[in-house]
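Asker: Chains as they are written, first to last, in my numbering: chain B, 1 to 298; chain D, 299 to 768.
None of these hints come from the bench; they were simulated from the model.
Owing to the predicted nature of the structure, the values given are computational and were not obtained by experimental measurement.
Treat the hints with caution; some may be incorrect.
Just so you have them, the derived chain D footprint on chain B, three or more residues with Cβ under 8 Å [claimed, not checked]: (1) 19 to 28; (2) 76 to 85; (3) 90 to 99; (4) 146 to 153.
Quick reminder that beta carbons are idealized off the backbone N, C-alpha and C, glycines included.
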Amino acid sequence: MSGAAAQGAGTLEVVAPGPLTTVQDLGRPGAFRWGVGAAGVADRRSLGLANRLVGNPAGHAALEVLLGGLVVRARTDLVLAVTGAATPVSVDGAPAGWSSALVLPAGSALRLGTATAGLRAYVAVRGGVAVPPVLGSRSRDTLAGLGPDPLAAGDVLPVGPEPEQLPRLRTAPVAAPAAGTVDLRVRLGPRADRFTDPGALFAGTWTVTAQCDRVGARLARPAGQPPLERSTTAELAPEGVVLGALQVPPSGEPVLFGPDHPVTGGYPVVGVVRDADADLAAQVRPGQSLRFHPAVRA
Amino acid sequence: MNGGPPGGEAVAVLAALFDPGSFAPLSDPAAGGPPGVLTGCGTVAGRGVCAIAQAPGAVPEPAAVDAELRARALAARTGRPVVTVHDATGAGTARGFGELVRGAVALSGVVPQVAVVTGAADAERALLLPLADVVVATAGARSALADPAAAAVVTGRERDAAGLGGAQLHASATGRAAHVAAGGAEAGAFVRELLGHLPSSNLATPPRLPVEPVAGEEPDDELEALLPVDPAAPYDVREVLAHLADDEDAPLELHARHAGGVLTGFTRLDGRSLGVVATDPAVAGGSLDAAAAAKAARFVRFCDAFGVPVLTLVDTAGFVPAGEDDPGSPTAAAAQLVYAYAEASVPLLTVVTGRAHGAALLALGSRHVGADVVLAWPRARLGARDAVAEVAGEVAQEVAGGGARPGTGEWAQRVARREALASPGAAVRAGDVDAVVEPGRTRAHLARWLEALERKAVTPPARRHGNLPL
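The whole structure should be built from the sequences, with the hints applied where relevant.
Answerer: This is the structure:
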């Protein structure tokens with residue numbers, strides 16, 4: 001029995017994918033020079049936690065579920081964990097633990113309700129989601145169209161061989177993502193000199209608009225707060241951009257780049273959210289407020 | 299300018315707090331008293347309470363500080379709670395402030411002290427807030443010890459006094475404000491309800507309301523339906539508490555937005571006032587971090603000081619695993635919680651409603667640490683570690699001894715067997731739990747034990763005072 005499991009006989013069937021569920025791992029770092037972005041999981045911390053809860057190595061692929069709504073059925077006995085956005089979890093209709101190792105017996109269905117806080121839930125399965133990798137990663141890059149397609153009802157996902165490590169804890173006591181204003185630290189530049197007052201970024205709050213996906217989130221200024229004005233409308237030659245970059249088109253409403261950001265951009269980048277805060281940014285929902293703080297003090 | 303009469307919000311606090319027409323001024327600027335402070339006594343639901351309301355303005359005259367001291371002294375002599383409305387807006391500290399601090403400390407544990415902040419309690423005045431038993435703030439209130447200019451130089455961050463210590467910050471991050479009310483009237487109403495759960499002084503008993511006898515009630519079948527079968531699944535602990543209480547209102551919560559893994563507040567059972575400490579399975583699995591342990595510890599000591607029995611509901615993923623050097627000194631905070639329960643002389647009732655493992659089992663109203671009665675619901679799971687951790691430990695030993703690693707199916711069966719072994723029945727045999735009770739009959743059990751423990755008396759050993767692990 002354990003021999004069969006070691007060959008990776010596990011399978012998971014998608015009953016309903018919810019609004020958008022993609023397979024994600026740590027992405028394709030190092031391929032930038034060929035025009036391939038790193039992409040990968042939006043909230044690395046939550047993927048890592050989900051993987052640790054089921055005993056997986058940190059980089060195993062899992063499901064990134066936008067706002068919940070996913071229903072999957074086990075075809076074999078599986079161990080799963082749900083982390084990230086705070087979503088009601090149920091197994092065959094009975095409430096189950098969030099941020100906990102849970103057993104999904106063959107034939108049972110796991111359902112995620114709608115997230116009450118946070119944007120992206122992660123479902124890790126012991127052994128990892130073992131779809132074929134593309135350029136070394138199982139991540140879906142939604143901008144480039146690389147990697148496995150977003151999940152559709154009826155998809156059958158292979159599960160990889162069981163890792164050595166058994167689950168070591170039932171529940172990880174972690175807080176759900178913040179529902180209020182989220183604070184992010186930003187290093188100004190590289191093009192802060194293209195703005196009348198780049199420090200206006202740090203005044204007041206910004207609201208995440210409905211234009212928010214894995215590529216980026218457009219931010220709007222609540223009425224009465226100072227705008228972020230560009231001092232020149234002269235175009236830049238396209239230059240490389242990174243995760244967390246705040247690129248500002250002529251409208252003055254920045255786009256906060258997510259994992260599937262374009263490899264280059266032509267609008268000036270006023271600042272970059274610290275890499276350590278990228279996980280927080282990945283859980284901010286449309287309508288939620290952001291406050292930026294200078295990461296380096298004068 | 300040394301301030302005139304108290305401002306509108308402070309007046310609104312007193313108006314909502316006291317029984318109509320009951321407030322009699324002791325020192326009133328309008329009647330020739332020193333400007334800057336109004337003091338006096340009145341009744342709250344028929345019981346005497348002293349109040350001090352500061353007026354907005356600059357540093358009060360020493361005569362105004364004297365008036366405050368006189369009101370506190372009267373409260374001490376007559377055994378009445380003191381409610382202080384902080385509304386100072388000027389910088390600087392009056393001469394005589396040290397005596398105010400000393401007076402607050404002298405009254406600690408003698409009469410309930412409530413601070414209501416409607417304006418500012420900055421600089422040295424900020425010290426008076428943690429010295430009160432409960433702090434209620436209005437939405438626009440603030441309190442910061444540090445000088446904003448000095449803080450800006452040191453931190454490089456320009457923040458005004460509200461940025462350093464606004465009401466929202468004190469409600470969540472610091473936990474200094476037990477409650478934030480929209481305005482003065484709401485704050486006064488909250489304090490009125492709070493005082494209804496407390497005795498006038500440590501020599502009195504909390505008021506008991508006349509109610510129908512609990513013993514005559516039918517078992518509560520709805521409560522059982524609220525509880526998930528999976529011990530790791532979250533549920534609404536406030537709704538559970540509403541079922542256990544006399545009325546369906548959720549408890550009067552203190553510090554609801556600070557350290558949400560544990561809930562603290564007052565409720566009523568069989569007409570008696572009851573302090574509740576309940577882990578919240580919907581917040582990080584009801585786990586305890588340093589802030590949650592300190593919050594619960596302070597609340598247990600508050601209840602103990604004023605003779606309010608403590609009901610502890612336990613369903614927790616345990617203490618948050620933390621490094622010893624993590625912020626907040628988690629082990630010291632856990633020790634404060636154990637100390638608070640061990641030291642308490644009020645009736646201590648514990649219901650293990652779900653998971654209780656390891657140090658959390660010990661720290662939250664354990665029978666061995668001093669709880670009088672520990673009940674458990676059939677869904678409770680008790681033990682040194684959760685079943686997943688137990689099996690991982692066992693397998694690691696087996697593998698080290700040359701054994702095979704179980705596959706997923708076998709592992710799941712072993713976890714399920716382990717979980718069955720952690721039943722509350724086993725905990726009764728082990729002496730950790732007194733009895734397993736149905737959720738629907740818990741109210742009746744608790745009412746009976748509260749009755750039985752009504753005259754609980756503990757003679758403390760002769761000592762100056764214990765050394766709480768601060």
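Asker: Decide, hint by hint, whether the structure agrees.
Answerer: How the hints compare with the structure:
no.: 1; hint: 19 to 28; in the structure: violated (count 0)
no.: 2; hint: 76 to 85; in the structure: holds (count 4)
no.: 3; hint: 90 to 99; in the structure: holds (count 7)
no.: 4; hint: 146 to 153; in the structure: violated (count 0)
Checked against the numbered hints given earlier, the structure breaks hints 1 and 4 and satisfies all the rest.
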